[in-house]
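Residue numbers (the numbering used here), protein chains in the order written: chain A, 1 to 281; chain B, 1 to 619; chain C, 1 to 312.
Hints in this document: simulated from the structure, not taken from any laboratory.
Backbone N, C-alpha and C fix where the C-beta goes; we use that ideal spot for every residue, glycine too.
Please note that a few of the clues may not be correct.
To be verified - Partial chain C-side listing against chain A, Cβ under 7 Å, derived:
hint, residue
1, 25
2, 145
3, 146
To be verified - Going by beta-carbon spacing under 10 Å, a handful of chain A positions derived as facing chain C:
hint, residue
4, 90
5, 93
6, 94
7, 121
8, 132
9, 219
10, 262
11, 264
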Amino acid sequence: MVSDLHYWSRLKNNRAGLAGLIIVVSFFLLAVGVWAGLLGQGWSAAGGERWAPPGAEAWFGTNLLGQDIFQRSVFSVRTAFEIGLIVSILSTALGAALGAIAGWYGKSWVDGTVLWLAGVLDSIPFYLFVAAVAFALQGKPWAMQIAMIATFWTATGRLVRAEVMKLKTREFVLSARAIGLPDLLILSRHVLPNTLHILLIQISITFVAAIKTEVILSFLGLGVQDGVSWGLMLAESTQEVLAGHFNNFLAASIMLFALLMGFNLFSDALQDAFDPKQAAL
Amino acid sequence: MTCWGKLNPVILSDNKPLYKFLTIAALVVGAACDSTSPTQETGDRGYSIYRHSMDGAPSSLDPAQASNIYANFLAVNLYDTLYRYKYLARPYQLEPNLADGLPQVSSDGLIYTIRIKPGVHFIDDPAFPAAKGRALRAEDFVYSIKRQFDPKTRAQGAWLWQNRIVGLDEWKENGSDYSLEVPGLKALDERTLQIQLISPFPQLTHTLAQGYSAIVPREAVDHYGQEFAIHPVGSGPYRLQMFNSAGAVLVRNTGFRQEPFNLEAEGFDPGVHGGFELEALEGLTVPFTDRIEVEFIAEDASRWNSFLAGELDFIKVPVTQFDQVLESREPLSLHPALAEKYHLLANLESGFVHTDFNMDDRRIGYHPEPQQNVRNKALRCAIIKAFDWPKRNEVFYYGIGQVFPGIIPPAAPEFDEKQSMAPVQRDLEGARMLLDQHDWNPSNLPVLEYGFPSSVTERQMFEQFRSFLGDIGYPAEKVRPMTFASYGDYARAYLNRDVMLITIGWTMDYPDAENTVQLFFGPNSSPGSNSANYNNEEFDRLYRSGSSLQASPMRTTMYRNMNRIVIDDCATISGVSRKMILLWNRELRMLPDRSFVGGFFFRFVHTGDAGTNPGEPAQ
Amino acid sequence: MHYALNKLAYGGLLILGVTLVSFSLMVWFGPDQTYTLIGKNASAEQIAEVRQQLGYDQPFAMRYGRFLVDLVTLNLGASNSSGEQVYSILKKTIPVTLALMIPGFILGNLLGIALGLLATYKKDQWIDRLITGLSVTGMSISFLVVIIFLQVLMCTPYGLNLFPVRGWQVTDLASYLHYVTVPTLSLVIIALGYNTRFYRAVFVEEAGKDHIRTAKAYGASPVTILWRHVLKNSMVPIITRFMFSIPLIVISGSLLIESYFGIPGIGKVTFDAITSGDQPVLKAIVGLTAVAFILIQIATDFIYKLVDPRIA
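Chain A with its partners taken away, still in its complex shape (with noise of 0.2 Å):
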């Protein structure tokens, strides 16, 4: 295995990655604290004054119901993770699990099935494959997910498929075989955990592809059924912002912003640092 410490050492120094980390961690911790119960839990009150400007009651101010739109841009926090965790992490793991497949039994059947299903999920028009499953689902909360998974997992696949079939060919992986070790075992021992810079860096892009997707979905009704999101926020602002009220909107985009703004700089923090061309140099 190739030592980790030039890797990290790289990415300490990389000032905007550690940027991009900090503002992650902080919504993080604000997700954390919606989750635990602390905050933003206010989202749904239709009590106060309708398109209040910001005051002492509503940082933010308020929407149209009187809803406090500070409360829900960080109920949204929590949205936006409880979205961006789950979709990024099991889309990379199924993208890592299928594509190690096909790169060990490269150019096989298996190979040419699993390379078959991500050619056919990336033709599909997204909105199409996503309605449906939202349809078939009947609004139930997963649908979003589901359909986001099933088709995000493609582009981790393809790397790792080719990262593995790199992998096949160095020595110890030709020396585990020669022992004669199952082929899961050394791919979930051995090979797997070298494509973990991989994984993390498609961890990091698919979050921020997830939450963009989100975002669009909820506005054409299909995302987010209950609850709030800054979608569902953006979706209702384009009514307000006619009327002059723009405190959802920038509520929300800045918001938004921000967070993948933090997340972008940190996978590009991950991307210098694990870049073996940029090594050489």
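Got chain A sorted already, so can you dock chains B and C onto it with the hints?
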């Protein structure tokens, strides 16, 4: 005057007076520099254009499929119906359109004889031999109604005449063969129709003012097949020039029968209609405008922006803009700067919005055990008492919607203005008492499933409903949304009795309470229009005896009693009729309507151009 | 020859797979259009009739079989919602979508390439950092936010009010520019971040190679190096990206833009068909998408061979 370069700085604060000013400034500037305003368009040819906006798109241009209000609007302009509603008379009154007069009805109320006007032609179209439109005959009406009962048409209006006309349902059962006669639907000669009913149907004439009853030529249907839905061939005042998902263009049908406009016949009342400059229209030939451009803009934001930019002559103002546009609510008035440029009309909708309890659902509706039945009713009544109508009205309808108890909306002639508003007044005390007395508490309350098709407004209404119930101690986790990705899916669910609380709007087909009380008539339960699956013997009995009666004080009393029954049974949280704010360019002389007159008003729109009006009679 | 046949077979399998999966989704999970096509007060018989008209009552295998046959013979049928022939719907809307999306797509990529080259040239200097920073920013903004913001900024009195809010009445070049500007702007803003970053990475990698160092040692000017060596040799990844982002941008991207700006293109038609369950339209679009995807793959391979003879 160039419209480009109107630079308004973007100010990102919450300064409301500033936004109001900006909106008004924009409207004023927009109206002034609008490059395609009617006055500028008229040259020596006097070609007039009216640009209308609709907040939705038609379901189809085939009258048999004119299931939404937008389709109805267009259908009645492209085709002729036997009857229509008087342009100006309020309350709405029937008026002969293609018919020569009101129907002659036999004394037993079963035989209707109608004569149609002479000299009516279909437009020229390749579907006809030599591409020449032929004269319209009484047979065409017979064909058009028969079509509704032909499965191949995929018609949606058959319910209006189902089990009403002698022999029509059998005709369908026997395979919808057009060569076979229907005894109750006959053309006595080229210009005379006779309809024979199975039992008295006082609202029959009203159904003949619906887009569904519009008269289509068989040649066109046979020629175009399924594409007939986008290739209309009618005899109405306009013909179609262009149609796509974004809009339609109607141009004057030069062969339309010449009918001079008669103010008095249309119900003109100087006291009510004085400010609209309609007097000058007396004697002019209908239709007044050469070209109507209709834009289908469902998104409020886009529609409003388009109007602000001067691209439209008419708009139904989105509720979110009421604040910016209205100076005061009582009386309803425009901001003075706008009032100079635009006319305002507050148009009460011809329907109402209500939330039904699915009485078929044992958790909230009828229960075989009498005691549980009583408890359920108490729960329903408590929920109704907890509903804050003024707040609902204020947030979603700008406070100008009309809240009323029961199921007879203000647009119906039988509406009782003096009835007690107690059923729609919030009574938290009473609600809590009911819950207590009947052993309901947060731990045994049922989970309420509130169904709605996914959209921002519907979701907000749900959240507001949840907070209303929170005020009587209903736990928030027990009020759950049941969302559907499309309206069709929602309809499927509630028509299959799967939805517990059903929020729907009903648009009346004609100004008669029979149209709304039938919503609670037992036999009409799902998949019929009785989505509440309400079943009350007394109500049904009254309905049956009232349905054959002509409008009369006695019948009105009956309907009001039926209303009382539904209210007492707490079967539905009802209701509110929305008031629409219609704005149009002051240069236009018209009285728009989005209620029963609907699309019929297009032919009376006068663009007030200074040039030669092609509608004016030759000197 | 063998290669070509192989590709064709693979393509065919892919089309089969896509159509099967999509068709299954539509049939088993898609919205039931019956309920939008029945009138008020429908009876159970009427509902059954409509279902039969729509073909819902036939067995799956038969419906799928007919679907394939229709696809091959290009018998696309008519929309269940509007009655219009699917072929004519496609004929009207595809050109609109192409006219709408192509300028933004091309501009977004060209600008991305230009900025990527610039950043590579000035690597690690402040320009590079600025460009990289901007591209990360660009990647962090939601498409939706951009569209809403631009519409308010460019098309309403709260902003500059220079362009129409919606619509597509294009008769000549002037009106085309009038309607296409704001959508193009949104597309470019959204795609630029990703494009720039991608191209920069590709160019940086290429620039680090030995033959570039050699060229520099020989005193070639920066422009020559960038143009002749870096850019030309990066054609493979550039083309890959270009080609493979076509379906993504054109089909999915056009959906939001067309809905928001009221442009009658294929994206809006697709979405309406998806939510209403208009199967004839959906079948045609899914089939076309699959075929287009295959064709793009084949075209990409072909272009590779043209550009880089090293690829076998």
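Right, here's what the structure says about each hint:
1. 25: holds, 4 Å
2. 145: Holds. Min distance 5 Å.
3. 146: violated, 10 Å
4. 90: violated, 20 Å
5. 93: violated, 22 Å
6. 94: violated, 17 Å
7. 121: holds, 8 Å
8. 132: holds, 4 Å
9. 219: Constraint on residue 219 of chain A satisfied, holds at 6 Å.
10. 262: holds, 8 Å
11. 264: Status holds, d = 5 Å.
In summary, the numbered hints that this structure violates are 3, 4, 5, 6.
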